[in-house]
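Peer 1: Those sequence lines, one after another, are chains A and B.
Residue numbering for the first sequence follows the working numbering, starting at 10 and increasing by one per position.
Residue numbering for the second sequence follows the working numbering, starting at 87 and increasing by one per position.
Hint data in this document are derived by calculation from the structure and do not stem from the laboratory.
The beta carbon of each residue, even a glycine, is placed where N, CA and C say it ideally should be.
Check each hint, because a few of them may be wrong.
Derived CB-CB ranges, DEER-like [to be verified]:
| # | chain 1 | residue 1 | chain 2 | residue 2 | range |
| --- | --- | --- | --- | --- | --- |
| 1 | B | A149 | A | E15 | 22 to 28 Å |
| 2 | B | R164 | A | N63 | 21 to 27 Å |
| 3 | B | L222 | A | Q107 | 36 to 42 Å |
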Amino acid sequence: MEIIFEPWPWYVSGPMIALVMFLLIFMGKKFGMSSNLETMCSMCGAGKSTSYFNVDWKGSRWNLTVMLGAAIGGFIAAHFLSINEEVEIAANTIENLQELGFHSAGNAYLPERLYSLEALTQPGPLLILLIGGLLIGFGARYAAGCTSGHAISGLSNLQLPSLIAVIGFFIGGLVMIHLLFPLIF
Amino acid sequence: MKRTAGYLLIGIFFGVVMYKSEAASWFRIYEMFHFDAFHMYGIIGSALFLGVIGVQLIKRSNARSFFGEPIKIAPKERGFKNYFFGGIIFGLGWALAGACPGPIYTLIGAGYVSILVVLIGALGGAFLYGLLRKYLPH
Numbered sequence: 010m011e012i013i014f015e016p017w018p019w020y021v022s023g024p025m026i027a028l029v030m031f032l033l034i035f036m037g038k039k040f041g042m043s044s045n046l047e048t049m050c051s052m053c054g055a056g057k058s059t060s061y062f063n064v065d066w067k068g069s070r071w072n073l074t075v076m077l078g079a080a081i082g083g084f085i086a087a088h089f090l091s092i093n094e095e096v097e098i099a100a101n102t103i104e105n106l107q108e109l110g111f112h113s114a115g116n117a118y119l120p121e122r123l124y125s126l127e128a129l130t131q132p133g134p135l136l137i138l139l140i141g142g143l144l145i146g147f148g149a150r151y152a153a154g155c156t157s158g159h160a161i162s163g164l165s166n167l168q169l170p171s172l173i174a175v176i177g178f179f180i181g182g183l184v185m186i187h188l189l190f191p192l193i194f
Numbered sequence: 087m088k089r090t091a092g093y094l095l096i097g098i099f100f101g102v103v104m105y106k107s108e109a110a111s112w113f114r115i116y117e118m119f120h121f122d123a124f125h126m127y128g129i130i131g132s133a134l135f136l137g138v139i140g141v142q143l144i145k146r147s148n149a150r151s152f153f154g155e156p157i158k159i160a161p162k163e164r165g166f167k168n169y170f171f172g173g174i175i176f177g178l179g180w181a182l183a184g185a186c187p188g189p190i191y192t193l194i195g196a197g198y199v200s201i202l203v204v205l206i207g208a209l210g211g212a213f214l215y216g217l218l219r220k221y222l223p224h
């Protein structure tokens, strides 16, 4: 039982993600988390600004329910299924991050420099989180899918568009971390 | 009602997996883009390995959903520019905020208040895409 409270290894987590996709397929739906962003825009009346959001969002309520579940799952996992929040990343990575000024590397789940309550009162980290979110939302809808919709669902169905999107994800990620991080941090 | 409970349970399971696998950790995403550990590649790779086999089996059989309906797995629309450019933009954000949409919801539940800023940004980004859609190459 104790093993549940430790971080789960990849060979347990990966198959469980595949299981989530299969369960949704057998529910007659598909696994894709970013379309919820669009649904929430429609719910909030974004259809008044552009017809793109003028859709019957009630047909997507099932996915909002999955989303709500994902939040509840996060609550359960963080509060009842974990002993500590440390993420044991590679020694190399810790060293790299220390140099960039991320002193919580290896001792936290999220970097304090960006995600602590204290950081929330500073304009710099706040702007970084906001811009990060903007890029995520814009990119995910432009590419018509995110990690779940393309890297898992789409590639599982051997879809070329998903491969193109995933290559894009990696180009963007590598550019951000290797070229832009030294400028931002 | 039964279906709704099903979606909720699947979501809860997904959220627990995202948190416990540390796929929702900013540090794991950074580490992945530094190629310093196998962890994230193992997660995505093993999910895909089983995913490809399972989806092919489902497509080749006459599998029906839990409710007896035929299963349809729709192909993605053809295209290049929107997938490529959209993908790059998403990747930039994924690496910066260290979370993709699934983990954003999970981290809200886990109690990280700041992730709400990322969610607000993501909603703004999706809205902006809706506005600019007709001017973008697809």
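Peer 1: Does each hint fit the structure? Answer for all of them.
Peer 2: Status of the hints after comparison with the structure:
no. : hint                        : verdict
1   : B:A149 x A:E15: 22 to 28 Å  : violated (35 Å)
2   : B:R164 x A:N63: 21 to 27 Å  : holds (25 Å)
3   : B:L222 x A:Q107: 36 to 42 Å : holds (39 Å)
Checked against the numbered hints above, the structure violates only hint 1.
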